[in-house]
Amino acid sequence: MAFLVVCNHIPFRSEIWEFFFPICRTAVPFFFMVSGYFNESLKNRDGFAQRQIRKIAFLVLYSNLFFFIYHISIKFLANENVSHYIFDCFSLQRIATFFLLNSSQFEGSLWFLGTLLYCLILTFFVRRLHWINAVLAIVPILFGLNIILGKYFFFLTGHNLPWTAVRNVLFVGVPYFYLGIFIRNHQAKIEQLLNKRMLIALIFIFYCIIVCENEIHLRFNPNGVTDFFIFLPFLTASIFLLAISYPELSKNSVVSQIGFQYSLMIYIIHPVFIDLFNFIDHSVHFNIFISNLLPFAVFLLSLLFAMIFQKFVQINVGNRASNS
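The C-terminal position of the sequence shown is numbered 422 in the numbering used here, with every residue numbered one higher than the one before it.
Do not rely on the hints blindly, as some may be mistaken.
Simulated restraints, written as ranges between beta carbons of each label pair [claimed, not checked]: (1) Leu234 <-> Asn177: 47 to 55 Å; (2) Tyr168 <-> Asp379: 32 to 40 Å; (3) Leu234 <-> Phe358: 22 to 30 Å; (4) Glu346 <-> Ile172: 39 to 47 Å; (5) Leu347 <-> Leu398: 19 to 27 Å; (6) Ser381 <-> Leu316: 29 to 37 Å.
List of simulated lysine-lysine pairs, BS3-like, C-alpha gap at most 25 Å [said to hold, decoys possible]: (7) Lys173 <-> Lys409; (8) Lys153 <-> Lys141; (9) Lys409 <-> Lys153.
None of these hints come from the bench; they were simulated from the model. Given the structure is predicted, the values throughout are model-derived calculations rather than measurements. Every residue, glycine too, gets a C-beta built ideally from N, C-alpha and C.
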């Protein structure tokens, strides 16, 4: 899923992308579902919720600060107006959308972290008030508004809403996060109803429907928001259920360890490597073959950075512990 996030931001430059696109759109919703699922699984561990909130709050702060400095540096090197960029970042409108709609003015993909933080904070208080079932009851409504205000708003009004109005904690974060909670609470019953073969069949059916749905939108509304297909929640949930139906593959596997340790850092850092390859492409003009390798190159470089960064942090933490 971390790789599919990369593909969303640096897609394949060939016709294959039209068929790969629907699977890629499940990546970020999948991460919200994973977070909700394990939030429910580990809810009784002492201090778990508070630790998760602190961890994500730390990442929100430092990742936004990093990209603020990063973009200032890029603009300075390109002899662009740095002061205009700074004033724009801290305008009232930008600050409001940052706090209300989880839209980062420093790097667009960081909306996920802000949204996840809000989901964790909301769930912390919802659990205290014993309102989990009440929130779960409105999840279908939020999914419906997600679809209506996203892709289908154009067909109703002839206009598109900005993506920040829909891609936020209310219409994306909470529905998928609480879908993960729902699956955790009803996992045994769901597994009795849907075996692995049925899940594979459902994934194929939902995938085909979204491919057709995407073709319709490309024909009539090519500039619309790209995320909100009617059957995207069903496709994402089916993939998620298939994944957790193979617990033996997740224990101590290489893919599991990579996902657990590095996926969030891959998500945060990959835009830097996309910028790097876009800069090179602007100079040398990659052919189609090389262009279609770029998602793999960005992912592998992001993974390498994540591994080096984690090792650096571990060494520093170890040194501080030994010194103290």
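Do the hints match the structure? See the list:
1. Leu234 <-> Asn177: 47 to 55 Å: 53 Å, holds
2. Tyr168 <-> Asp379: 32 to 40 Å: For Tyr168 and Asp379 the Cβ distance comes to about 19 Å; the hint is violated.
3. Leu234 <-> Phe358: 22 to 30 Å: Given a distance of about 27 Å, which is inside 22 to 30 Å, the answer is holds.
4. Glu346 <-> Ile172: 39 to 47 Å: 46 Å, holds
5. Leu347 <-> Leu398: 19 to 27 Å: At 22 Å between Cβs, range holds.
6. Ser381 <-> Leu316: 29 to 37 Å: 31 Å, holds
7. Lys173 <-> Lys409: 30 Å, violated
8. Lys153 <-> Lys141: At roughly 16 Å apart (the allowed maximum being 25 Å), Lys141 and Lys153 satisfy the hint.
9. Lys409 <-> Lys153: This hinted pair holds, its Cα atoms lying about 18 Å apart.
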